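Residue numbers (my numbering), protein chains in the order written: chain A, 554 to 726; chain B, 50 to 310.
Hints in this document: simulated from the structure, not taken from any laboratory. A hint or two may mislead.
Claimed, not checked - Sample of chain A residues at the chain B side, in silico, Cβ under 8 Å:
id, residue
1, S617
2, L629
3, G639
4, V663
5, F667
6, P689
7, L693
8, L720
As the list claims (entries may be wrong) - Residues from chain B shown here face chain A by an in silico Cβ test under 7 Å; the list is partial:
id, residue
9, A74
10, R87
11, L127
12, A128
13, A133
14, L135
15, K141
16, E143
17, Y154
18, Y159
19, I162
Claimed, not checked - Here are the computed lysine-lysine pairs in the DSS-like style, where the Cα-Cα straight-line distance is at most 30 Å:
id, chain 1, residue 1, chain 2, residue 2
20, A, K704, A, K716
21, A, K704, B, K309
22, B, K185, B, K98
23, B, K309, B, K185
24, B, K53, B, K168
25, B, K53, A, K714
26, B, K185, B, K174
27, A, K704, B, K51
28, A, K704, B, K141
29, A, K716, B, K53
30, A, K714, B, K266
31, A, K704, B, K266
32, A, K714, B, K141
33, B, K309, B, K110
34, A, K704, B, K53
35, A, K716, B, K144
36, A, K714, B, K110
37, B, K309, B, K174
38, B, K144, A, K714
39, A, K714, A, K704
40, B, K141, B, K98
Predicted model only: the values in this text are computed from it and were never measured. Heads up, the beta-carbon is just placed ideally off N, CA and C, and yes, glycines get one too.
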Amino acid sequence: MRVMGKCNSHNPHNSYNSYQTMENPLLWLHGDCLNPHSPALQAHPDAPRVFVFDDAVLERYQVSLKRIAFLYECLLEIPRIEIRKGNVTAELAAAAREHICQRIVTVESVAPRFARLRASLQREHNLPVEVLSLEPFVELSPSEQTQLDLKRFSRYWNPLKAKALSLNQSFDW
Amino acid sequence: MKLKTDFTDRAELIAYLRETFSDAAARSPEVSDTRGGRRAAETALQQIKPERYAATRNHLKGSVTRLSAYLRHGVLSLAEARRAALQRGGAKAEKLVTEFAWRDYWQRVYAQIGDGIWKDRESLKTGWRPADYADKLPDDIAGGVTGLRCMDSFADELRATGYLHNHARMWLAAYVVHWRRVRWQAGAAWFLAHLLDGDPASNNLSWQWVASAFAVKPYYFNRDNLEQFTDGVYCRDCQHYRNGCPFEATYGELSARLFKP
């Protein structure tokens, strides 16, 4: 799996503060990226890694046991995974204290809850969160990115189609 | 609270989960045969047949990939899946890559509208007002006891396996929204509770597409369509086949019956 560099300029989530690298990272794995080769795990192969089953989400979506079992099996293939359950930010803060970590590293998610949890970790627990990019479905230039029309699928897809159907698209724009 | 990560086998894991997630187990205790994890995802990826997918994907027995749960949870990336499809199928992978693009599209819309995925994107084109639709999913639908063999089988499969073929999702969603006139949000929440690939964006926006809140017209079907893509396996044993099948009509008749001018 190709991993996007930390300083990938077109992704606003990426942040890089030199002082942070002096501090131990805790890897926050979430339900949008359970790949054992995720950019966070590749960037910090020795760091502690934690997944939290979010009680609020389990309740809100009335999540069935089979979904939990599926997630759990995904997690068990990630070496040295620590699995927790409860309030996500409180559990991550507890794990950070336990492992003596001063910052959190994770990968991007578009879910609004992810943004809220990230803000809460920074604001209420004083844990800076670095968000790494995932490899995009199709690599777009900044101008292609801004011209995307999401009104209907066809409007989004027609300009991208040729690139998406080519194996040889350039990754070095 | 910290949870256990050391199990001797799947049975021990499931027993532990039933105890630890007792609320979820009380709601729906079933566990799917579909395994989670990167190994299972890679096996599924190795088995994709892009050309067969293009030719047969609408049929319930068609050559679909079963990658959705792995893609939804990022066990596999869409980029990996796209590359594998093109390497395997070349130009014949277009249909499959287009399906992957739908997920990318839904995610991009989600990034733009966030929790707005729970609200109608556009006004309905059914002639009905949002208030004309029931808020709650009727128990007979979720319980698989409507008496309609097709819809009951889909509900049972959803509950037992956490998976439904895309065409079955469309038929079931259309039945809930248009025949039973239930708000799409109720159906979307039901699917999210059960689908292993349950993603708020893909799921809700697809329900909106069926409902016509994110499409130029509502999606609906008739019995000919369902029989064609199921080999009639449900109709064959259905008590309503010759007696009151709600789907047995032309598209014109159904449109007049289901929608207001």
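Now for the hints, and whether the structure bears them out:
Of the supplied interface hints, the one on S617 of chain A holds, with its beta-carbon coming within about 4 Å of a beta-carbon of chain B, less than 8 Å. With its C-beta approaching chain B no nearer than about 6 Å, L629 of chain A sits inside the 8 Å limit, and its interface hint holds. This hint holds: G639 of chain A has a C-beta 6 Å from the nearest C-beta of chain B, less than the 8 Å allowed. For V663 of chain A, the shortest C-beta to C-beta distance to chain B is roughly 4 Å, which falls under 8 Å, so the interface hint holds.
Below 8 Å, beta-carbon pairs count as interface contacts, and F667 of chain A has none with chain B, the closest being about 10 Å; its hint is therefore violated. Because the smallest distance between the Cβ of P689 of chain A and any Cβ of chain B comes to about 7 Å, under 8 Å, the interface hint for this residue holds. Violation of the interface hint for L693 of chain A is found here, the shortest Cβ-Cβ separation to chain B being roughly 11 Å, above the 8 Å cut-off. Evaluation of the L720 of chain A hint against chain B yields a held restraint, the C-beta minimum of about 5 Å falling below 8 Å.
Evaluation of the A74 of chain B hint against chain A yields a held restraint, the C-beta minimum of about 5 Å falling below 7 Å. The beta carbon of R87 of chain B is positioned within 7 Å of a beta carbon in chain A (closest approach about 5 Å), and the interface hint is therefore held. A hinted interface residue such as L127 of chain B counts as satisfied when its beta carbon comes closer than 7 Å to some beta carbon of chain A; here the least separation is about 4 Å, so the hint holds. The closest approach between the C-beta of A128 of chain B and any C-beta of chain A is roughly 4 Å, which is under the 7 Å cut-off, so the hint is satisfied.
At about 10 Å, the closest approach between the beta carbon of A133 of chain B and any beta carbon in chain A exceeds 7 Å, and the interface hint on this residue is violated. Residue-level restraint check for L135 of chain B holds (minimum Cβ-Cβ distance to chain A is 5 Å; threshold 7 Å). The criterion of a C-beta within 7 Å of any C-beta in chain A is not met by K141 of chain B, whose closest approach is roughly 11 Å, and the hint is violated. Checking E143 of chain B against chain A: minimum C-beta separation of about 6 Å stays under 7 Å; hint holds.
Annotation: Y154 of chain B was flagged as interfacial toward chain A, and the flag holds, the nearest CB pair being 5 Å apart, inside 7 Å. Because the closest C-beta pair between Y159 of chain B and chain A is about 5 Å apart, less than 7 Å, the hint holds. Checking I162 of chain B against chain A: minimum C-beta separation of about 9 Å lies over 7 Å; hint violated. In summary, the hint linking K704 of chain A to K716 of chain A is supported, as the alpha carbons are separated by about 20 Å, within the 30 Å threshold.
Between K704 of chain A and K309 of chain B, the direct Cα distance comes to roughly 26 Å. Compliance with the 30 Å bound is thereby established for this hinted pair. A hinted pair counts as satisfied when its Cα atoms are at most 30 Å apart, and K185 of chain B with K98 of chain B does not qualify at roughly 40 Å. Proposed proximity of K309 of chain B and K185 of chain B is supported: the alpha carbons are some 22 Å apart, at most 30 Å. Between K53 of chain B and K168 of chain B, the direct Cα distance comes to roughly 39 Å. Violation of the 30 Å bound is thereby established for this hinted pair.
Under the criterion of a C-alpha separation no larger than 30 Å, the hint pairing K53 of chain B with K714 of chain A is inconsistent with the structure, at around 45 Å. Between K185 of chain B and K174 of chain B, the direct Cα distance comes to roughly 21 Å. Compliance with the 30 Å bound is thereby established for this hinted pair. The straight-line distance between the Cα atoms of K704 of chain A and K51 of chain B is roughly 44 Å, outside the 30 Å bound, and the hint therefore fails. Distance hint between K704 of chain A and K141 of chain B is fulfilled; the C-alpha atoms sit about 27 Å from each other, no more than 30 Å.
Restraint check: the Cα-Cα separation between K716 of chain A and K53 of chain B comes to about 45 Å, which exceeds 30 Å; the hinted pair is violated. Our distance criterion of 30 Å between C-alpha atoms is met by K714 of chain A and K266 of chain B, whose separation comes to about 25 Å. The hinted pair formed by K704 of chain A and K266 of chain B meets the criterion: a straight-line CA distance of about 15 Å does not exceed 30 Å. About 14 Å separates the Cα atoms of K714 of chain A and K141 of chain B, which keeps this hinted pair within 30 Å; it holds.
This hinted pair does not check out: K309 of chain B and K110 of chain B have alpha carbons roughly 35 Å apart, beyond 30 Å. The suggested pairing of K704 of chain A with K53 of chain B is violated, with an alpha-carbon distance near 45 Å, which exceeds 30 Å. As the CA atoms of K716 of chain A and K144 of chain B are separated by approximately 15 Å, the hinted pair is consistent with the 30 Å bound. Of the pairs offered as hints, the one joining K714 of chain A and K110 of chain B holds, with about 28 Å between alpha carbons and a cut-off of 30 Å not exceeded.
Between K309 of chain B and K174 of chain B the CA atoms are separated by roughly 9 Å; this keeps the pair inside 30 Å, and the hint holds. Distance check on the hinted pair: K144 of chain B and K714 of chain A sit about 11 Å apart at the alpha-carbon level, within 30 Å; holds. Restraint check: the Cα-Cα separation between K714 of chain A and K704 of chain A comes to about 16 Å, which is no more than 30 Å; the hinted pair holds. In summary, the hint linking K141 of chain B to K98 of chain B is supported, as the alpha carbons are separated by about 10 Å, within the 30 Å threshold.
When the structure is compared with the earlier hints, violations turn up for hints 5, 7, 13, 15, 19, 22, 24, 25, 27, 29, 33, 34 and for no others.
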